[in-house]
Every structure is written in structure tokens, then in C-alpha cells.
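A.B. asks: Note that the protein sequences, when read in sequence, are chains A and B.
Each residue of the first sequence is one higher than the one before, counting from 1 in the numbering used here.
Each residue of the second sequence is one higher than the one before, counting from 1 in the numbering used here.
Hints in this document: simulated from the structure, not taken from any laboratory.
All residues carry an ideal CB built from backbone N, CA and C; glycine is no exception.
Warning: the hint list may mix true and false statements.
Unchecked claim - Derived, one-sided and incomplete: chain B residues facing chain A with beta-carbon distance under 8 Å:
(1) Ser110
(2) Ile151
(3) Leu154
(4) Asn155
(5) Asp167
(6) Asn168
(7) Arg173
(8) Ala174
(9) Ser176
Said to hold, decoys possible - Taking lysine to any residue pairs in the SDA-like style, the calculated list, with each CA pair at most 25 Å apart, reads:
(10) B:Lys285 to B:Asn296
(11) B:Lys206 to B:Asn131
(12) A:Lys144 to B:Thr229
(13) A:Lys144 to B:Ala123
(14) A:Lys144 to B:Phe231
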Amino acid sequence: MLDLQYLSKTFNPGTVNEKKALSDVSLHLDKGDFATIVGSNGAGKSTLFNAIAGSFYTDSGRILLDGQDITFWPDYRRSKTIGRMFQDPLRGTAPSMTIEENLALAYLRASGHTSPFSRISKADRELFAQRLSQLGLGLEKRMKQPVGLLSGGQRQALTLLMATLVTPKLLLLDEHTAALDPATADKVLALTKSIVAEHGITCLMITHNMHDALQLGNRTLMMDGGRIVLDVGGEERARMTVEDLLTRFAKNAGHTLDNDRILLSTQEDS
Amino acid sequence: MFTVATVLSALELGFIYALVAMALFLSFRVLNIADMTTDGAFTLGCAVSATAAVAGHPFLGLPLAMLAGACAGFVTAFLQTRLAVPSILAGIITNTGLYTVNLAVMGFSSNVPMLKTKTIFTAAEALLGENAPYKLITAVGITVVVCAVLILFLNTRLGLSIRATGDNPDMVRASSINTAFTITIGLCIANAMTALSGAVLAQYQKSADINLGTGMVVIGLASLIIGETLFGRGGMWVKAVAAVAGSVIYRFIIALALRANVPSECLKLISAVIVALAIAAPALKSGMAFRSRRHNAGKEGRKDHA
């Protein structure tokens, strides 16, 4: 489904601030794969997502999605088949527009079903209400309200629905529950799991929760210094503990994991 | 306090200039861009419409003016979205260039008199009779139709994308829409409306002048903000009515100022002060709230020690 071939990106080349953010990253995901990504601060996790989503063009390498070479596609063209969520709940929705209007925009990704001059139809409204009711937040009764009135958790749940309203080929989740309180985070994560499973969406998820990294999905990737240093799945992953994961990381990366939030969360959990 | 003629002319001008307020509603409020093309686009509309009317095509003058205005908006949008010129500078550049273009449209003369020329207003007079308020009916008709079409458009899928562009461009790109495209469409429509306003005004006052558009962006903003302050909370329809009402109220303020013998040279300064105060209002309000909070906190402290 997704094929990354030798992706490299250097920021500010030739200056004192030169930073090699990605170096020769290659990755293959099969259809329906759900891989979690953990890594140190500045390991290149978000940079990798930016490269896949087209926030910038890579210096070298190729990106193939479902057999199509999208390396030089602009971001808005890629977004037709790639859904994305950020940590910040404010990034995914337009606050002064209503829930219904936000959903109508997300629904534009379904190509060619309507003219640009058409308005939100009754059928659209029914579809939106039905999908909103699946979130279990009662938002289907508030479709005419501006999104700015919603809480962070509600906005993030809505963004999740918008990213998957038209089933994407690939879903990129960048610590999308990290800014929410624990109970809301659990709820949004549960929704994520059920929506991804229901539609068999190929998914990459950055997390700082080591337990989630091992339990969610079917593969775990670890990044460090712009490279993928560990990629485990199947039997091996099923038997792994958080400690095993940290040991393997230290061995492959040549140093211990230095993500403060990961270390805090492992201490809390143990 | 006002004669019927003053009221009528304030209403007429209010509705004609309301198109500029609506244009700025689209560019300044919806797209979140301070579009400096406005002044030049207004004069461009005047020039095109006057030249067309003099050539015997007063009606054709209006769509031609809109087309010209849309082109001006396109240039600004192109500079901004494709060539990475900062948005305010892009407008100023286009505006500067338009000065020459406007002179050229008027045959390199700084004004076009059209005393005996047939205009849409003389046509309306012939149709409605000279005793009917034909000028007001024409101005209201044009403004209401254009505003209604704009609001209907803003609720279409393309319109929603334009609205979201000013609100959250990231989200628009994530919905597979190119923000360069939505900004371009938005600025073209806004400047077409500004030019239409100039086009109607030129035929209304039977002359076009190279300086008619000077300060138009501030006048439009003043109208828009007056309307928003008085009626602004609500859906898109309420906002459109507010912009039109603001423009009419602005004209009454000007009429009042003229009646109070304020010299007409001072009107631009008055407009500038109104806009500066209106835009600064939220900051002034929170500043005052902070000061009074600090002042009271000092008193509370003394009470505790006593």
C-alpha cells in the first residue's frame, strides 16, 4: 500500500542550523497494516509524516501510495487519499464554521460526486448525522453549531471522523490523543481503533505511550536520528515487553531512548 | 433635521457603497486578507463604466467593470499565492499599477464628464418616471441582488472552501482543496464587487475621476465595522444585512458631518479615526479591564493590611 524508498531530507543545508531530519528512510506497509511509531525527541517522526503528507518535498527518494508515485504531488492533492490528525485539536477543524459545514468540506475529498456550486443536501445531512452518532457524543444534535464551541476532545473526535469520512488509503495519526485528558484520550483512541478496524484503513500512528506502541496495531517502528532503527511485528512483537523494546532500541540506536515524555509515561505505568 | 433629498441621497450612496463593504466582508473577514487592491479596483470600475457609458453602453459597462475588477483581484492573488509576495504588499503593488491602467482606460485624462450621457439611472428614470425614487430603486436593486448571490455562493461547496481558507488553511488543504485557488477566486469576486460599486457610482454622479477610489478601503472597512458592531452576530445573511446597513449609516454620519459644517476635506480623517477606533476597540476594552482590575487589586491589598 505505502512504499517509502530511501527518503532523505536536510533542513537549512549549508548553514550552522543544518539538520539531517530524514536519512535514507525506507518502509513498506501492506494494505490494512497498522504500525505505531515511537522515538526520541527530534527523531524525525513528524518529519516523516510531513514528507508523506507533502508538507515539503524530500531531497531524494520516492513515495508510492497504492502503486502511484506521489513524490511530487502537492499536499492538497495527496490529501484526497491520505487522512491526517495532529496533536493540536485546533488544527483539524475550522472554528467559525458549523459542524455540518466542516463535515461538508471533509466530504469534498469524495471526488467528482457533486459540482462546486452545489449546496449541502438532505442526503449529505443524513449521512453526517449517522456518522456523528457513531461517535456517541451527541454531536448529531448540534450540527448547526460552530465547531469553536466544542471541547478539545469533541473537536478531535470530529477531526477523526472528518479524516475518515471518505475512507482514506492511509491515515497518519501524530500523537492525536496527547493533548487530551486521560479519559477523553482513551475514548478517542477507542474510536480510532474501531474506525480503523471497521474500514481496514492502513494506518501509521506516532505515540509516546510504550504500551500503546506494543498493543495497538500489528507493527511497531522505532525512529532515531532520522532513521527507522527498529521494525518488529508478528510473533516477536506479541512476546515483547516495554523493557525488551527499550533494550532493543538502545542496542540498535547506540544510545538509550531520550524522550522525556516516553520515560515519564513508562515510569507512571510501571 | 434632514431634508428628504439628503435622506434619499444618503440612502442611495449607502446602497452603492455597500458593495465595497460586502467586498471587504469577503476579503477582510472571510479570507482574512487586508486587500489593498480595493482603492484601485474601485476607480477601475468607475473608469470602465464611464468610458463604456460615454461610448453608448451604460448597461454593458457594469459587467465589463466587474470583469476588470476581477482581473485586478487576480493579479493581487497571483502575486500573493504563486510568487509569495506578502498579501498587503501584493495589493499595494497592484493598486499602484492600476493608477496608470485607470488613466489609460479614461483615455489618459484624469476625469470623464458624462453630463449628457445615457446611464442606467436615466434608463430607470425613463422606465419608472421622474417622480419615482428611481435612483434609490436602481441602487437597492443592484446591491440586494449581488449580496444575495454572494451569500448563496458562500454556502456552496466552493463557497465553504473559501470561508474555511480564512479560518483554517491547513484544514482546507487536508480536504483536497488548493488554498491558492480559493484565495484567487475570493479576491476576484471581492474586487469584481468593488469595481461594480465604482461603476454604479460613476454613472450615478455622472462623472469618473482618477481620485474617486482614494481611501475606499478605509471607508469600506468603516461601513463594515459599523454594521458588525450594531447587528453583526448571526449567520451569513445577518452579516450581509449588517454590512449594507453599516454602509447606509456611514453615509448618514457623513451627511450629518456635512450639515454640521465639517469641511468635506476632513471626511477622510474622520473615516480613518472611526476605523482605527473600531478595530482597536477589543484591545482598548481589555486594556481598560486590566487597568481597573489592577487598580482594584491595589485597594484589596491595602484592605488586607489594615
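A.B. asks: Compare the structure with each hint and give your call.
C.D. replies: Going through the hints against the structure:
With a cut of 8 Å, the hint placing B:Ser110 at the interface with chain A is violated, because the nearest CB-to-CB distance is about 41 Å. Look at B:Ile151: its Cβ only gets to about 12 Å from chain A, farther than 8 Å, so that hint breaks. Because the smallest distance between the Cβ of B:Leu154 and any Cβ of chain A comes to about 10 Å, over 8 Å, the interface hint for this residue is violated. At its closest, the beta carbon of B:Asn155 sits 6 Å from a beta carbon of chain A; the interface hint therefore holds under the 8 Å criterion.
Of the supplied interface hints, the one on B:Asp167 holds, with its beta-carbon coming within about 4 Å of a beta-carbon of chain A, less than 8 Å. Contact between B:Asn168 and chain A, as hinted, is supported at the beta carbon level, the nearest pair being about 4 Å apart and thus within 8 Å. For B:Arg173, the interface hint holds, since its Cβ comes within 8 Å of a Cβ in chain A; the closest pair sits about 4 Å apart. The restraint placing B:Ala174 at the interface with chain A holds, with a minimum CB-CB distance near 5 Å, inside the 8 Å limit.
A hinted interface residue such as B:Ser176 counts as satisfied when its beta carbon comes closer than 8 Å to some beta carbon of chain A; here the least separation is about 4 Å, so the hint holds. Proximity of B:Lys285 to B:Asn296 is assessed by CA-CA distance (about 17 Å); at most 25 Å being required, the pair is judged to hold. Simply put, B:Lys206 and B:Asn131 have alpha-carbon atoms about 19 Å apart, close enough for the 25 Å limit, and the pair holds. The straight-line distance between the Cα atoms of A:Lys144 and B:Thr229 is roughly 23 Å, inside the 25 Å bound, and the hint therefore holds.
For the proposed pair A:Lys144 and B:Ala123, the alpha carbon gap of about 44 Å is over 25 Å, so the pair is violated. Using a Cα cut-off of 25 Å, the hinted pair A:Lys144 and B:Phe231 holds, with the two alpha carbons roughly 20 Å apart.
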